[in-house]
Amino acid sequence: MIEIIISLFLLIGTFFIFSGSLGILRFPDVYTRLHAATKASTLGVASVLLAAFLYLYVDHGIISGKLLIGIWFIMLTAPISGHMISRAAHNAGVKLHESSIRDELQEMNEQNEAERQSE
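Following our numbering, the numbering of the sequence shown begins with 408 at its first residue and continues without gaps.
Keep in mind that the hints are not guaranteed to be accurate.
[Claimed, not checked] Computed Cβ-Cβ distance ranges for the label pairs, DEER-style:
#1 ILE411 with LEU475: 43 to 49 Å
#2 PRO486 with PRO435: 17 to 23 Å
#3 GLN524 with PHE422: 23 to 29 Å
#4 GLY468 with PRO435: 45 to 51 Å
#5 SER488 with GLN524: 47 to 53 Å
#6 SER488 with MET515: 19 to 25 Å
#7 SER414 with GLU522: 52 to 58 Å
#8 SER525 with ILE412: 56 to 62 Å
#9 PHE434 with GLU522: 29 to 35 Å
#10 GLY500 with SER525: 23 to 29 Å
#11 LEU418 with MET515: 38 to 44 Å
Don't read these hints as lab results, they were simulated from the structure. Just so it is clear, CB atoms sit at the ideal spot from N, CA and C, and this is done for glycine as well.
Whenever a hint applies, use it, and build me the whole structure from the sequences.
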């Protein structure tokens with residue numbers, strides 16, 4: 408039974424990593440590509456590492472703290488780094504794709520600028 412669970416985690420992780428790779432290739436602009444790269448790969452790598460942890464624990468009786476720390480590190484840093492890279496791209500003037508409906512960060516910056524000028 409545990410082999411099935413480990414296999415499911417491996418398949419789920421592989422699916423997310425593969426779908427993230429397709430998203431990087433298919434999405435139109437840097438922001439959606441970053442979304443695909445960070446969200447999908449975070450879940451994919453975490454699932455594969457969790458499968459490796461379960462395998463080591465069940466078959467060999469090893470509790471791998473390194474794998475648990477790796478899962479925690481990936482879950483913490485990948486979304487934050489994706490957010491910071493997209494914020495840097497926006498501040499550098501990288502435009503959204505024309506099919507994007509709204510730029511909330513630009514609207515917020517304009518509102519803050521208007522408030523500063525009125526003071």
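To see whether the hints hold, each was checked on the structure:
1. Here the CB-CB span from ILE411 to LEU475 is close to 22 Å, at odds with the stated 43 to 49 Å.
2. A beta carbon spacing of about 21 Å between PRO486 and PRO435 agrees with the range 17 to 23 Å that was offered as a hint.
3. About 50 Å separates the C-beta atoms of GLN524 and PHE422, a value inconsistent with the hinted range of 23 to 29 Å.
4. Here the CB-CB span from GLY468 to PRO435 is close to 49 Å, well matched to the stated 45 to 51 Å.
5. The hint said 47 to 53 Å for the Cβ distance between SER488 and GLN524, and at roughly 34 Å that hint is violated.
6. SER488 and MET515 have their C-beta atoms about 22 Å apart, which keeps the hinted 19 to 25 Å range intact.
7. SER414 and GLU522 have their C-beta atoms about 55 Å apart, which keeps the hinted 52 to 58 Å range intact.
8. A hinted range of 56 to 62 Å for the beta carbons of SER525 and ILE412 is consistent with their spacing of about 59 Å.
9. The supplied range of 29 to 35 Å is met by PHE434 and GLU522, whose beta-carbon atoms lie about 34 Å from each other.
10. About 25 Å separates the C-beta atoms of GLY500 and SER525, a value consistent with the hinted range of 23 to 29 Å.
11. The hinted range of 38 to 44 Å is satisfied by LEU418 and MET515, whose Cβ atoms lie roughly 40 Å apart.
In summary, the structure is inconsistent with hints 1, 3, 5 from the numbered list given earlier, while agreeing with the others.
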